[in-house]
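The listed protein sequences derive, respectively, from chains A and B.
Throughout the first sequence, residue numbering follows the working numbering, covering 1 to 225 in sequence.
Throughout the second sequence, residue numbering follows the working numbering, covering 1 to 409 in sequence.
Quick caveat, the hints were computed from the structure, so don't treat them as lab data.
Glycine is no exception: its CB is placed at the ideal position from the N, C-alpha and C atoms.
No false leads were slipped in.
Simulated crosslink set (BS3-like; lysine-lysine; CA at most 27 Å straight-line):
| # | chain 1 | residue 1 | chain 2 | residue 2 |
| --- | --- | --- | --- | --- |
| 1 | B | K6 | A | K121 |
| 2 | B | K265 | B | K255 |
| 3 | A | K123 | B | K6 |
| 4 | B | K6 | A | K139 |
| 5 | A | K121 | A | K86 |
| 6 | B | K244 | B | K255 |
| 7 | B | K255 | B | K72 |
| 8 | B | K203 | B | K69 |
| 9 | A | K86 | A | K31 |
| 10 | B | K255 | B | K69 |
| 11 | B | K265 | B | K69 |
| 12 | B | K166 | B | K115 |
| 13 | A | K123 | A | K86 |
| 14 | A | K121 | A | K139 |
| 15 | B | K69 | B | K268 |
| 16 | B | K14 | A | K121 |
| 17 | A | K143 | B | K6 |
| 18 | B | K14 | A | K143 |
| 19 | A | K139 | B | K14 |
Here are a few chain A residues that face chain B, going by a calculated C-beta distance under 7 Å:
| # | residue |
| --- | --- |
| 20 | N51 |
| 21 | D57 |
| 22 | R83 |
| 23 | N95 |
| 24 | P109 |
| 25 | I112 |
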Amino acid sequence: MPLVELRGVGKVYQLGSTQVEALANIDFQIKAQEFAAIWGPSGSGKTSLLNLIGLIDSPSGGEIYLGGERVDGLTDDELARRRNQKIGFIFQHFNLVPVLDALENIMLPLQIRGVRADQAKAKARSRLREVGLEDQWNKRPDKMSGGQRQRIAIARALVGDPALVIADEPTANLDSATSRLIVDLMRELNRRDQVTFIFSTHDPRLLEHVDRRVRLEDGRIVATE
Amino acid sequence: MMNFIKLGWRNILKNRRRSLITVLAVALGFASINLFSGYIHNVYDGLAEQAIRGEGLGHLTLMKPGLLKEGKLEPEKFLLKSDEIQRITGLLSQDETVRLVTPRLAVSGIVSNGKVSTIFLGEGMVPEDMAVIRGDFRADRGGALDRARPAAAAFASDLADMLGLKQNDYAVLVASTVEGLTNALDVDVGELYNTGNAGTNDKMLLLPFAFAQRLYDTEGADRLIVLLRDRAQTFEAQLRLSEKLRAAGLNLEIKTWLELSSFYKQVKGLFDMIFAFIFAIVIVIVMMSIINTMSMAVVERTREIGTLRALGMRRWDISWLFSVEGVLLVVLGGLVGVALTLVLAWVVNQAGFSYVPPNNTDAVLLQVDVVPWVMLQAFLFLGLVAALAALLPARRAARMVIVDAMGHV
Numbered sequence: 001m002p003l004v005e006l007r008g009v010g011k012v013y014q015l016g017s018t019q020v021e022a023l024a025n026i027d028f029q030i031k032a033q034e035f036a037a038i039w040g041p042s043g044s045g046k047t048s049l050l051n052l053i054g055l056i057d058s059p060s061g062g063e064i065y066l067g068g069e070r071v072d073g074l075t076d077d078e079l080a081r082r083r084n085q086k087i088g089f090i091f092q093h094f095n096l097v098p099v100l101d102a103l104e105n106i107m108l109p110l111q112i113r114g115v116r117a118d119q120a121k122a123k124a125r126s127r128l129r130e131v132g133l134e135d136q137w138n139k140r141p142d143k144m145s146g147g148q149r150q151r152i153a154i155a156r157a158l159v160g161d162p163a164l165v166i167a168d169e170p171t172a173n174l175d176s177a178t179s180r181l182i183v184d185l186m187r188e189l190n191r192r193d194q195v196t197f198i199f200s201t202h203d204p205r206l207l208e209h210v211d212r213r214v215r216l217e218d219g220r221i222v223a224t225e
Numbered sequence: 001m002m003n004f005i006k007l008g009w010r011n012i013l014k015n016r017r018r019s020l021i022t023v024l025a026v027a028l029g030f031a032s033i034n035l036f037s038g039y040i041h042n043v044y045d046g047l048a049e050q051a052i053r054g055e056g057l058g059h060l061t062l063m064k065p066g067l068l069k070e071g072k073l074e075p076e077k078f079l080l081k082s083d084e085i086q087r088i089t090g091l092l093s094q095d096e097t098v099r100l101v102t103p104r105l106a107v108s109g110i111v112s113n114g115k116v117s118t119i120f121l122g123e124g125m126v127p128e129d130m131a132v133i134r135g136d137f138r139a140d141r142g143g144a145l146d147r148a149r150p151a152a153a154a155f156a157s158d159l160a161d162m163l164g165l166k167q168n169d170y171a172v173l174v175a176s177t178v179e180g181l182t183n184a185l186d187v188d189v190g191e192l193y194n195t196g197n198a199g200t201n202d203k204m205l206l207l208p209f210a211f212a213q214r215l216y217d218t219e220g221a222d223r224l225i226v227l228l229r230d231r232a233q234t235f236e237a238q239l240r241l242s243e244k245l246r247a248a249g250l251n252l253e254i255k256t257w258l259e260l261s262s263f264y265k266q267v268k269g270l271f272d273m274i275f276a277f278i279f280a281i282v283i284v285i286v287m288m289s290i291i292n293t294m295s296m297a298v299v300e301r302t303r304e305i306g307t308l309r310a311l312g313m314r315r316w317d318i319s320w321l322f323s324v325e326g327v328l329l330v331v332l333g334g335l336v337g338v339a340l341t342l343v344l345a346w347v348v349n350q351a352g353f354s355y356v357p358p359n360n361t362d363a364v365l366l367q368v369d370v371v372p373w374v375m376l377q378a379f380l381f382l383g384l385v386a387a388l389a390a391l392l393p394a395r396r397a398a399r400m401v402i403v404d405a406m407g408h409v
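Here chain A stands alone, though its shape is the one from the complex (with noise of 0.2 Å):
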């Protein structure tokens, strides 16, 4: 049974009057423990695709499946409920709140879950050791670089224990080298974590370590190797 499974799924968006289809008819799956990448131009649908998937965006026509389950007819709270214990969400722009530190950013999924405060900070704790920044466990977001900050939101996708991560455009924010250390930071901790990564690129150097290329182009799938 694939992990995630997309049927016939769509997506238009209202522009005005004017109406966009950004996906077109997508039959999709990703097996657990894949390492994915999704990879096109620019405006090729990529992102429109993985909000789909992570349960972020409703499709306009299709049934998506995560685990086996229909996702598509869930109630908001539904969906609310399986992107926190389900889902791992790593974001371009890393997304940190930034008021809290380090650590309570990584923190944040176990206590959305209503998981205990000391439970969650050791949880937290052993992610942050994980990608190497236990050091900087105190720092707020705007004292860290890039890379560093990334590595945090990783941390953080991962701290609940996902079946599933999706990072989209993970490393479009960084220099060469950075994005190449969180590529093998994240294909570690596939393989031995046996975390399913499904993320959006355009550079293709990242795209010699993954598993399967899935290429987009105008909302289709072209080519899956």
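Using the hints, position chain B against chain A.
Frame of chain A; chain B shown alone:
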């Protein structure tokens, strides 16, 4: 909840200047409410004491039903006879909340200095009981009756001035007895006193009770005044004593000082209206401040809202997050407001400002009471208003489409 408080607190600190303005707006509004409510609390307390002790109304007044409406037409019909007075006094004195039961007789007529005359309103009261009712209330105003001088009346100062009377002079009182005959008695001028009210200071006389009885040629009284040990027991005692009298087969009306003091009711009605007006203005200021601050916070933190929603926060949690922040601002404003209230109240009370209220004959000190329970009520109400005000922008934040919020720049 702890996380919401932590997030709210840190965001308040992050936007120090904006938070400070909001906190000051809340603090000033809250302090205004506290100071005005403290002032009117002091005024109400003063008016209550004036009615109970100054005017001698006591806490409760017992009379035959209809006295207030028809007592002037048929005074004899409404008089309590001496055996009734004794029986009622004995019955009421058994109640542990009752400190004193004393008879009264209201009289009116003409007072003359031998050359000119004018009308008077007199109150016949037992001198030693009157001293108990007065206590130490405004002893500077004078008006005590001397038990050793059974024919000496205390004259209101404007009345004495009008007739050119001084202490130890004498005058003549002319009145109709309860049977409608004319009676005249010589009266010594005892203490001169200030009623505190411009409307009565040129008419009032305080007479020894026995003297008033002689003037009206009766052995009865038209009222019995009850002084309780504590003003707070007034309404409870009114019910209990009514029940006790009814059980004893006595058909009597019991009025509280509040029912009989129309001046107190009028002033309270006026001040309550002004207070409501000020309170409404403060509420609007607090609401607008909170809505403005929280709306700006929502706009600035739109991407953060999207992120929190993506991480699994429900819409309701987002609403809570911003509402808690709004309430925190009011809590801070409230604490600053309490400090401001205490400082300003102390300054006003120490300054010794005085003023002459409408219809008063002398100046009164401007004093502000610090009333914790009123402050607490106002604080809780403002907190509720702040939560509701914060809820408007918070709901807008909660309803954002996640992908739109995350794409916000």
